[in-house]
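J.: For chain A, the structure is supplied; the task is to place chain B on it using the hints.
Just so you know, the protein sequences line up as chains A and B, in that order. Under our numbering, the first residue of the first sequence is numbered 325, with each subsequent residue one higher. Under our numbering, the first residue of the second sequence is numbered 325, with each subsequent residue one higher.
To be clear, the hints were calculated from the coordinates, so they are not data collected in a lab. The structure displayed is predicted, hence computed values, not measured ones.
The list that follows gives simulated cross-link-like pairs (lysine to aspartate or glutamate, EDC-like), each with its CA atoms no further than 20 Å apart:
| no. | chain 1 | residue 1 | chain 2 | residue 2 |
| --- | --- | --- | --- | --- |
| 1 | A | K641 | B | D544 |
| 2 | B | K400 | B | E343 |
| 3 | B | K641 | A | D563 |
| 4 | B | K641 | A | E559 |
| 5 | B | K337 | B | D375 |
| 6 | A | K641 | B | D563 |
| 7 | A | K641 | B | E559 |
| 8 | B | K641 | A | D544 |
There are 2 protein chains.
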Amino acid sequence: MSKIELLPKSLPKAIRWEENQLYLLDQTRLPQEAVYERQENERQVWQSIKDLKVRGAPAIGIAAAYGLCAAMAKHKSLGPAEYLETLDRIADYLDSSRPTAVNLRWAMQRMKTTAKSAADQNVENVHAALIEEAEKIHAEDIELCLGMARNGLPLITSGMGILTHCNAGSLATSELGTATAPMYLAHQQGIPFRVYADETRPLLQGARLTAWELQQAGIDITLITDNMAAHLMSEGLIDMVITGTDRVAANGDVANKIGTHGVAILAKHFRIPFYVACPSSTIDLDTATGADIPIEERDPSEVTSLGGVTTAPDGIKVRNPAFDVTPHNLLSGLITEKGLITGNYTEKLKSMFGS
Amino acid sequence: MSKIELLPKSLPKAIRWEENQLYLLDQTRLPQEAVYERQENERQVWQSIKDLKVRGAPAIGIAAAYGLCAAMAKHKSLGPAEYLETLDRIADYLDSSRPTAVNLRWAMQRMKTTAKSAADQNVENVHAALIEEAEKIHAEDIELCLGMARNGLPLITSGMGILTHCNAGSLATSELGTATAPMYLAHQQGIPFRVYADETRPLLQGARLTAWELQQAGIDITLITDNMAAHLMSEGLIDMVITGTDRVAANGDVANKIGTHGVAILAKHFRIPFYVACPSSTIDLDTATGADIPIEERDPSEVTSLGGVTTAPDGIKVRNPAFDVTPHNLLSGLITEKGLITGNYTEKLKSMFGS
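So that you can see chain A by itself, here it is in the shape it has in the complex (with noise of 0.2 Å):
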């Protein structure tokens, strides 16, 4: 089975390396356009995973990895002490762009490790470790990704139809998307399926990324608007839910993007399974519930306006969390890279997780 063949070959990546360059697809301009910017330093890359040009926990690692790459090209010439303060100090900085996703703090800390274990070598061999990490880390995502698809496969059956909160998919990812990754395959291997994908607001990644790469791969898809989801439920129309996550704690909480843990209810209320797609890269031993998860409250301006258009008054007060916590049991299983996970999530993860 060719991976490659999975995918469109319409769809952009999100990241490209090209050269010794970073250059990030700016998703908050899909789906009108496919524009990529060129990441010229740590603040630009800062921004642009703070701003959401580059989202999706697997995406915003391997862009924060190559980032580092970038930004320490210009510190080659500092003695080797120097080169490591730098880097840790820019690969901290970069793990503050946002706090959710654990994948960032994942990725900046096996940079820092191989820069580390690299340390009695000459700068120019430091950096090409590093390159080469950010690398292995971009290309073990699509081996992870690779590996839901299989896990998760099973799950889908002719004719069901499948709901998605958010995009976890080709464009948070490398390559197959975490939800997505079963979708694909199942695809690729002829089993029709309908999928309904949350607009998911505030920033809308369901209707202007989901809906955008499963409509060009020619996967059946119907757009709704978050709150239709009970109602598609009741209609008999969901016969499972499959999302990504950003972090997945020890005892199996799931942080993933707000909304998701309503989406959970709805399906235990109408007895519909509800899986989550995790690769291991999120998957953070060290966090041991979802009370512990840190949850990112964004600007107001994302709940009171869209494209430039004000949706709502002045002055008016506004909550604006961009993840919530869905707690384990409320899952039906996590979809992993190692097999699917039904129970016993603190030991299971442990086990097949720990170091």
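T.: Relative to chain A, chain B alone:
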């Protein structure tokens, strides 16, 4: 207690009937501008209701009643039989503008019955009786809202957080609103409480209308996107939910703005009381259960764009049901003008509101 003092003076009325002319506040332009449009004929009234320039179950009943008077004014030269025939035709036409809210049918039925009862008089007198009936429907609605205010008031306790969905406020009725009526009364009595308004995609009645009218009234109001409700409930911020309704079936099933069913399920999950405010004009004992209520499916463009901004890829398939049905077993109670009903809906609705 003067009911008029409960509302801020700056808040425009949804419907004005002045010198035998109907003026509708174009609510699609709120909160940016408050513009009234004089309704010249039945086609314009039909379109104003269809396009949600006037919306909310009680308000569209009142608007159609006045609209019928305005349209019939130019038929006063007809003979009595032709006048009645024309009236029946125009009433049925106005009734066809939106299918879900029962108030439209209810108001048109009242107008037809009034005209028939006066049919032994000259057309001038029949027309005068029509106008009187429309004014009576309007005046009664003010009283119905006040009744719901009184009967819902005991539910609001100091310091609580109340979630509401869509706009069941002053702008959806004659004066105090349905879901908002107890809030306006509690606020006047100095009871401190917080309100959270779901923005209510796709047409944002929560963001544009509820947030705006409660803000003007000085009520502590916070705007959220629809998919944030579960998270706020999990944070303990919501102590009660109150919504309006477009039709209550004989068994207590409630049709209301899309998303209401989902909120009711979330409330049940978190053991939060879920109340629906419904005037008798919205109770339809001729409809046995929620399954018998027609659900309006509206234009896909409402989901794929917002204020002229396209938010989804071209050609994407869309679902756009404007309402959903919340089964009565998810209700904590119905707030009616005759009292609070907290169970045995079939019997109680029949005994309290049966003819």
